[in-house]
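There are 2 protein chains.
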Amino acid sequence: MLQTKQPVTVEKVLEGGITSPKGFLAGGTHAGLRYAKKDVGMIVSEVPAACAAVYTQSLFQAAPLTVTKESVSVEQKIQAVIVNSACANACTGEQGLKDAYEMRAKTAEKLSIEENLVAVASTGVIGELLPMDKIRLGIAALEPSELGAEDFQTAILTTDIVMKKACYETTVDGQKITIGGASKGSGMIHPNMATMLGFVTTDANIDSNLLQEALKSITNQTFNQITVDGDTSTNDMVLVMANGLAGNVPLTPDHPEWDNFYEALKRTCEDLAKEIARDGEGATKLIEVQVKGASSKEEANIIAKQIVGSNLVKTAVYGNDANWGRIIGAIGYSGVEVDVSNVDVSIGSIHMLIGSQPKTFSEEEATAYLKQDEVVIYVDLHQGDGVGTAWGCDLTYDYVKINASYRT
Amino acid sequence: MLQTKQPVTVEKVLEGGITSPKGFLAGGTHAGLRYAKKDVGMIVSEVPAACAAVYTQSLFQAAPLTVTKESVSVEQKIQAVIVNSACANACTGEQGLKDAYEMRAKTAEKLSIEENLVAVASTGVIGELLPMDKIRLGIAALEPSELGAEDFQTAILTTDIVMKKACYETTVDGQKITIGGASKGSGMIHPNMATMLGFVTTDANIDSNLLQEALKSITNQTFNQITVDGDTSTNDMVLVMANGLAGNVPLTPDHPEWDNFYEALKRTCEDLAKEIARDGEGATKLIEVQVKGASSKEEANIIAKQIVGSNLVKTAVYGNDANWGRIIGAIGYSGVEVDVSNVDVSIGSIHMLIGSQPKTFSEEEATAYLKQDEVVIYVDLHQGDGVGTAWGCDLTYDYVKINASYRT
Numbered sequence: 004m005l006q007t008k009q010p011v012t013v014e015k016v017l018e019g020g021i022t023s024p025k026g027f028l029a030g031g032t033h034a035g036l037r038y039a040k041k042d043v044g045m046i047v048s049e050v051p052a053a054c055a056a057v058y059t060q061s062l063f064q065a066a067p068l069t070v071t072k073e074s075v076s077v078e079q080k081i082q083a084v085i086v087n088s089a090c091a092n093a094c095t096g097e098q099g100l101k102d103a104y105e106m107r108a109k110t111a112e113k114l115s116i117e118e119n120l121v122a123v124a125s126t127g128v129i130g131e132l133l134p135m136d137k138i139r140l141g142i143a144a145l146e147p148s149e150l151g152a153e154d155f156q157t158a159i160l161t162t163d164i165v166m167k168k169a170c171y172e173t174t175v176d177g178q179k180i181t182i183g184g185a186s187k188g189s190g191m192i193h194p195n196m197a198t199m200l201g202f203v204t205t206d207a208n209i210d211s212n213l214l215q216e217a218l219k220s221i222t223n224q225t226f227n228q229i230t231v232d233g234d235t236s237t238n239d240m241v242l243v244m245a246n247g248l249a250g251n252v253p254l255t256p257d258h259p260e261w262d263n264f265y266e267a268l269k270r271t272c273e274d275l276a277k278e279i280a281r282d283g284e285g286a287t288k289l290i291e292v293q294v295k296g297a298s299s300k301e302e303a304n305i306i307a308k309q310i311v312g313s314n315l316v317k318t319a320v321y322g323n324d325a326n327w328g329r330i331i332g333a334i335g336y337s338g339v340e341v342d343v344s345n346v347d348v349s350i351g352s353i354h355m356l357i358g359s360q361p362k363t364f365s366e367e368e369a370t371a372y373l374k375q376d377e378v379v380i381y382v383d384l385h386q387g388d389g390v391g392t393a394w395g396c397d398l399t400y401d402y403v404k405i406n407a408s409y410r411t
Numbered sequence: 004m005l006q007t008k009q010p011v012t013v014e015k016v017l018e019g020g021i022t023s024p025k026g027f028l029a030g031g032t033h034a035g036l037r038y039a040k041k042d043v044g045m046i047v048s049e050v051p052a053a054c055a056a057v058y059t060q061s062l063f064q065a066a067p068l069t070v071t072k073e074s075v076s077v078e079q080k081i082q083a084v085i086v087n088s089a090c091a092n093a094c095t096g097e098q099g100l101k102d103a104y105e106m107r108a109k110t111a112e113k114l115s116i117e118e119n120l121v122a123v124a125s126t127g128v129i130g131e132l133l134p135m136d137k138i139r140l141g142i143a144a145l146e147p148s149e150l151g152a153e154d155f156q157t158a159i160l161t162t163d164i165v166m167k168k169a170c171y172e173t174t175v176d177g178q179k180i181t182i183g184g185a186s187k188g189s190g191m192i193h194p195n196m197a198t199m200l201g202f203v204t205t206d207a208n209i210d211s212n213l214l215q216e217a218l219k220s221i222t223n224q225t226f227n228q229i230t231v232d233g234d235t236s237t238n239d240m241v242l243v244m245a246n247g248l249a250g251n252v253p254l255t256p257d258h259p260e261w262d263n264f265y266e267a268l269k270r271t272c273e274d275l276a277k278e279i280a281r282d283g284e285g286a287t288k289l290i291e292v293q294v295k296g297a298s299s300k301e302e303a304n305i306i307a308k309q310i311v312g313s314n315l316v317k318t319a320v321y322g323n324d325a326n327w328g329r330i331i332g333a334i335g336y337s338g339v340e341v342d343v344s345n346v347d348v349s350i351g352s353i354h355m356l357i358g359s360q361p362k363t364f365s366e367e368e369a370t371a372y373l374k375q376d377e378v379v380i381y382v383d384l385h386q387g388d389g390v391g392t393a394w395g396c397d398l399t400y401d402y403v404k405i406n407a408s409y410r411t
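Protein chains in written order, with the working numbering: chain S, 4 to 411; chain E, 4 to 411.
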């Protein structure tokens, strides 16, 4: 008998993070890869956790991704993640792969677990070998604990200005389920020094295949819908670990409270993604683009991302300039077929274009709205039911400054 | 009997331009759309000229493009072009279309020619109506002459800093053939105030269909291979007029000297395209990317353009930073399948990566090379015979400045 679906009840936990779900510990230490900041971090689950992961689409995948994929492939379970910042261990050939395997081995040895239960991630400069002496000392020094979420969040940052975390709670079978997350990434998605990494922990009991399906669907609506500069990294990865310690009956999409879990996971990923966009290199504002009336969700997402990724839209928002012609421009070259005679564009609640006809608006009002630190652009294509959202940031002098002199 | 092909002999004419080919006049005037700069321009051929044209891929095509396409469709001949800067006449609805038709009618009337022999182009801000009183006075005031090329070149500029022109001579059937060109565009390809426009004149005798084929093939190797900010305009257009006054036998690809004509046309377009890239908004350097060893010419072109369009590569070049990891990053997300284990990357003559292995190089030498005002990046994919080139510019503080405060 099909059970009635319950209303979705998900609560944000302001102070929560990756150690909020039952049975997860984390830590971070300064191993000397960076001048002073913590640079090696670890997450550990008390028991092996069902694992789902998505990786960069780049053909050049860094060594740690190769090793992590190998680990996950054995039994779709992960018990620990080891991460370093400062060096991406990408384009580093055979030695780079050996080093990533050694990071895995040293972590497994420290925790007395199988090597295939360890995932490895690195983020930083491409083409340089890891300083393995420092990495070894770092792994040895790590002391994961329930209080270590902040140390981990710090250890994975590169050009990021703020730590990124999220936590949501929900209920399944009367059991509290908690989902926590940490991410980094500032030039998204950025091949040199600001690779996007996301780590999500949960005590939910769920099979790894179902978790993978949920993650894939959610990634397309969250992490894949943010852009800072349109570039894609060699090291991007989002990894979810579900250790089952909440004690719920294993979750499936048929469960009446499946939506609670899906929504809590989605909101965790959306928060982490938005924080990456907001902290884009040099950014002063978060830009959100909401597209509706598209022929499909996919087309709405494409158009939303095209608008939020346009250098011209990004510079106009930085300059508090309600230059809607640039939004139209981005829609026009998105590759999606739209009815160009019936498009609405608004910035905040200010209508700029209705049915493709320019509307008179108050420049003062528009400028005042654009001066806020969150700007929302609305587009209605009047073609169908497809809705989609994308997030990005403005393009500023500081973006140029950060990236012009990065490596030197 | 198949005639033997001759060696290609094409000569650049440094001082030449759109009035260098026989029978072409041009002019430009200040009609008051801009504060002081000339803003309305005209090209006239003594006789109707075979015409070829390519237009923006954007779904939102401005009114002047609609009118020009209609003109060209009648007999594939054009005798005059009328252009204004400052206002793009895009997203301007019915009134905008009426205004573009009126620009065409007034020009035809002035020159006593059929309306369908007139092409119309506009470039400037989107969503504002043309000040037709000024446009009418401007058309009336124009006095096209053999000395008017510079006035025309100035009249079509927007945020451009320098005029863009080119001229080549070659020989067909013992007759001198001249090709001249003018272009504008600074944020390429840029929906607001720096639309890319190109106008090419030649006295060659060639059928419009063959001219169209040649233009399409050449555009893919020249105008379509430049990028300043990845945005595409509502108004982009390249128009070629061939009036036949050189008196050669009509050119066809079978003609032993076809390559002379094709190469002269290609070099004209390449010069105009490179000048647009070099004059990109805020740019301090021209960046050229040469890709070889790709599986096809198309794939080589895609990769070259992806590299030259990467914000991260552009900022690194601005900062004189030999950050080859960003070049690899752009190759990796280009969507083209490459053998990631065998890629060479050089900046100038300095090898950074050979067979995907990083090479030690002198940072001082690399920085010194990058400080030049033309930077060439070489990539070899070792997969096939496909070669391709793309041009762009660095991304600077001034790009942000120009575009953050443009409309206001």
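Keep in mind the hints are simulated off the structure, nothing from the lab.
Be aware that a few hints might be false.
Since the list gives no way to pick one copy over another, a pair counts as held whenever it fits inside one copy or between any two copies.
Pairs of lysine to any residue, SDA-like flavour, derived with a Cα cap of 20 Å [what the hints assert, rightly or not]:
{"#": "1", "residue 1": "Lys25", "residue 2": "Thr69"}
{"#": "2", "residue 1": "Lys374", "residue 2": "Ser408"}
{"#": "3", "residue 1": "Lys179", "residue 2": "Lys277"}
{"#": "4", "residue 1": "Lys277", "residue 2": "Tyr38"}
{"#": "5", "residue 1": "Lys404", "residue 2": "Thr287"}
{"#": "6", "residue 1": "Lys137", "residue 2": "Asn208"}
{"#": "7", "residue 1": "Lys113", "residue 2": "Met135"}
{"#": "8", "residue 1": "Lys362", "residue 2": "Val252"}
{"#": "9", "residue 1": "Lys101", "residue 2": "Pro361"}
Taking the hints in turn, this is what the structure says about them:
no.: 1; hint: Lys25 to Thr69; result: neither (29 Å within a copy, 64 Å between copies)
no.: 2; hint: Lys374 to Ser408; result: between (28 Å within a copy, 13 Å between copies)
no.: 3; hint: Lys179 to Lys277; result: neither (26 Å within a copy, 62 Å between copies)
no.: 4; hint: Lys277 to Tyr38; result: neither (28 Å within a copy, 43 Å between copies)
no.: 5; hint: Lys404 to Thr287; result: both (14 Å within a copy, 15 Å between copies)
no.: 6; hint: Lys137 to Asn208; result: neither (37 Å within a copy, 72 Å between copies)
no.: 7; hint: Lys113 to Met135; result: within (16 Å within a copy, 78 Å between copies)
no.: 8; hint: Lys362 to Val252; result: neither (55 Å within a copy, 55 Å between copies)
no.: 9; hint: Lys101 to Pro361; result: between (60 Å within a copy, 17 Å between copies)
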